[in-house]
Amino acid sequence: MNTNFADTVILCIEIIGTIAFALSGAVIAAQRRMDIFGVLVLGVCTAVGGGCIRDIILGINPPNMFRNPIYALLAALASFLVFCVARSAPEIIITNRIQNMSLFNFLDAMGLGIFSVIGVNTAIDAGFADNAFLQIFVGVITGVGGGILRDMLAGEMPSVLKRDVYASASFVGAALYACCYQFINQWVGMFLSAATVVIIRLLAAKFYWNLPSAIPKDWMPRQD
Amino acid sequence: MNTNFADTVILCIEIIGTIAFALSGAVIAAQRRMDIFGVLVLGVCTAVGGGCIRDIILGINPPNMFRNPIYALLAALASFLVFCVARSAPEIIITNRIQNMSLFNFLDAMGLGIFSVIGVNTAIDAGFADNAFLQIFVGVITGVGGGILRDMLAGEMPSVLKRDVYASASFVGAALYACCYQFINQWVGMFLSAATVVIIRLLAAKFYWNLPSAIPKDWMPRQD
Amino acid sequence: MNTNFADTVILCIEIIGTIAFALSGAVIAAQRRMDIFGVLVLGVCTAVGGGCIRDIILGINPPNMFRNPIYALLAALASFLVFCVARSAPEIIITNRIQNMSLFNFLDAMGLGIFSVIGVNTAIDAGFADNAFLQIFVGVITGVGGGILRDMLAGEMPSVLKRDVYASASFVGAALYACCYQFINQWVGMFLSAATVVIIRLLAAKFYWNLPSAIPKDWMPRQD
Numbered sequence: 002m003n004t005n006f007a008d009t010v011i012l013c014i015e016i017i018g019t020i021a022f023a024l025s026g027a028v029i030a031a032q033r034r035m036d037i038f039g040v041l042v043l044g045v046c047t048a049v050g051g052g053c054i055r056d057i058i059l060g061i062n063p064p065n066m067f068r069n070p071i072y073a074l075l076a077a078l079a080s081f082l083v084f085c086v087a088r089s090a091p092e093i094i095i096t097n098r099i100q101n102m103s104l105f106n107f108l109d110a111m112g113l114g115i116f117s118v119i120g121v122n123t124a125i126d127a128g129f130a131d132n133a134f135l136q137i138f139v140g141v142i143t144g145v146g147g148g149i150l151r152d153m154l155a156g157e158m159p160s161v162l163k164r165d166v167y168a169s170a171s172f173v174g175a176a177l178y179a180c181c182y183q184f185i186n187q188w189v190g191m192f193l194s195a196a197t198v199v200i201i202r203l204l205a206a207k208f209y210w211n212l213p214s215a216i217p218k219d220w221m222p223r224q225d
Numbered sequence: 002m003n004t005n006f007a008d009t010v011i012l013c014i015e016i017i018g019t020i021a022f023a024l025s026g027a028v029i030a031a032q033r034r035m036d037i038f039g040v041l042v043l044g045v046c047t048a049v050g051g052g053c054i055r056d057i058i059l060g061i062n063p064p065n066m067f068r069n070p071i072y073a074l075l076a077a078l079a080s081f082l083v084f085c086v087a088r089s090a091p092e093i094i095i096t097n098r099i100q101n102m103s104l105f106n107f108l109d110a111m112g113l114g115i116f117s118v119i120g121v122n123t124a125i126d127a128g129f130a131d132n133a134f135l136q137i138f139v140g141v142i143t144g145v146g147g148g149i150l151r152d153m154l155a156g157e158m159p160s161v162l163k164r165d166v167y168a169s170a171s172f173v174g175a176a177l178y179a180c181c182y183q184f185i186n187q188w189v190g191m192f193l194s195a196a197t198v199v200i201i202r203l204l205a206a207k208f209y210w211n212l213p214s215a216i217p218k219d220w221m222p223r224q225d
Numbered sequence: 002m003n004t005n006f007a008d009t010v011i012l013c014i015e016i017i018g019t020i021a022f023a024l025s026g027a028v029i030a031a032q033r034r035m036d037i038f039g040v041l042v043l044g045v046c047t048a049v050g051g052g053c054i055r056d057i058i059l060g061i062n063p064p065n066m067f068r069n070p071i072y073a074l075l076a077a078l079a080s081f082l083v084f085c086v087a088r089s090a091p092e093i094i095i096t097n098r099i100q101n102m103s104l105f106n107f108l109d110a111m112g113l114g115i116f117s118v119i120g121v122n123t124a125i126d127a128g129f130a131d132n133a134f135l136q137i138f139v140g141v142i143t144g145v146g147g148g149i150l151r152d153m154l155a156g157e158m159p160s161v162l163k164r165d166v167y168a169s170a171s172f173v174g175a176a177l178y179a180c181c182y183q184f185i186n187q188w189v190g191m192f193l194s195a196a197t198v199v200i201i202r203l204l205a206a207k208f209y210w211n212l213p214s215a216i217p218k219d220w221m222p223r224q225d
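Chains as they are written, first to last, in the numbering used here: chain A, 2 to 225; chain B, 2 to 225; chain C, 2 to 225.
By construction, these hints were calculated from the structure, which means they are not laboratory data.
Do not rely on the hints blindly, as some may be mistaken.
A short, non-exhaustive set of chain C residues, derived as facing chain A with CB atoms under 8 Å [claimed, not checked]: (1) Phe-38; (2) Asn-62; (3) Pro-63; (4) Leu-150; (5) Met-158; (6) Ala-205.
Idealized CB from N, CA, C, for every residue including glycine.
Just chain A, same shape as in the assembly:
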């Protein structure tokens, strides 16, 4: 495959993922009745927060989001769009209509997939090619860190800790890529691993897969 073409495709998927992540943050901010500043902050944090935590762990100063402001700016634009929709048609935001769209789920899954493999790539490029544990960890952090930050800023328990197959899809993709990048072409590895994440996510969403809960939600201690 032509490298320039692969680079362009990856950039496009990154941009799609950035926007999808920003939308999910901005919608939660609007639902919490935040002001325009809060909507922008939650949108941008969700979109670039995972990469920011990754870069701090890897010692990349300043984090990459400050060298390519394009991602943060796109996220801010997408968040502003959510703000405008919320002002004119609040019921679209309140009723979770955006998050329930299958298109949104698809784009969000693409973001999760591409961010997970890019996280692994960043660890390799930062000189940690021999530390698969670190690569997988920062891969998952790149994928789900923004969502964790979003929920903590919104004053909630991070949904990724209790909700369906999301972080585990990221984990499978990051682990797959960390294991196979040495043996096959980098671009093929990235696309295969990211596609694996997307497929797991979409299957999980379609068939309501959930990881087993430690204690079922409706379990109550016996009254003796």
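Following the hints, put chains B and C in place on chain A, whose structure we already have.
Below, chains B and C alone, put in the same frame as chain A:
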């Protein structure tokens, strides 16, 4: 203007801001019925947390608060004072009497202003003179990061995401300074930009300015 | 004392502390009805989160947990054990039976003690032998940072800010070691300081010591 004199004035404003920020953190800790340790932690985190996040983003290790412990010590002293007041006269703390004082608002605004421009300065000194996006971002983080940390430690949604014109005042000051520091004398730029923040904050407090909310607080979905 | 023997003892205490911390995180995750991923994340974050924050402050990239994955793996194993217990006998988890065991309290106190002095040691080794403020600060962060992260991820106010003598025991041990490491043998200093933390913790647990609260829990403003 004499440089030494300007340095002294900035140091004084920094100390005033540190104490005002520590007071706001310690009061919230006391209201949450924390113990003496919690009051000190919230006071110190509010006062120096913004600068600490800034230094981690910029790769300044260890963060500046550890090289000049004077700020953390002053913040701890101010927090201890709040603790003593809470022990002897809890109603002063519970009824928000401190935060409602116009003197407190004035000192807090001075802190917000000076921290925002110092954040921009720190980014420039750390070698990022050509990255206005980074400068403005860490300027705002220096100004409001401590308050965000305070609210997250207190288990609340950060008030800066939904409350009146606070972060946006910091943004205007940081952006003004980041834009003009190349063209005018550094001290003049710092004082002008910090003063802009103070004026916006005081006007916002006096006239109850608020940024537009994404969805009004009393908006309810129609029952059809 | 033989250095190798001392090293081995410290490693054993570290492993015990890691497991005890992981248990406390995993139990809280199970109580919040998180899934297997959430249980593992909270367990691992509680066990290695304090050291991770310390390394980010000290500029150690990547944090030590990624160079010796053994700690994170042990924490994950202990968390998985909690998950299995929660699946088969939820009442053990829900009723706080693990945290109420004196054995658990003892192991947790050992972890708090050893992590606090190891934090001081890490700061010294990172080149900050002349900054006692930084040493004590990162000592306490290493001891209690994981628990703070655990509570923030669980959507709660960090218990360390309001609960009995925990962070203050860590503070006494870190300060003792930071003051005396120059004058006495390193291993003697570490064991004495860590033992001080354990003794303070156990006495505090036995006699229900509490730091004074800023405002008593049952204090209500007078209705006039």
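We went through each hint and held it up to the structure:
1. Phe-38: 5 Å, holds
2. Asn-62: Check passed: Cβ of C:Asn-62 comes within 3 Å of chain A, closer than 8 Å.
3. Pro-63: Nearest chain A Cβ about 6 Å off; hint holds.
4. Leu-150: 10 Å, violated
5. Met-158: Given a least distance of 11 Å, the restraint on C:Met-158 is violated.
6. Ala-205: Given a least distance of 29 Å, the restraint on C:Ala-205 is violated.
In terms of the numbered hints stated before, the structure departs from hints 4, 5 and 6, listed from lowest to highest.
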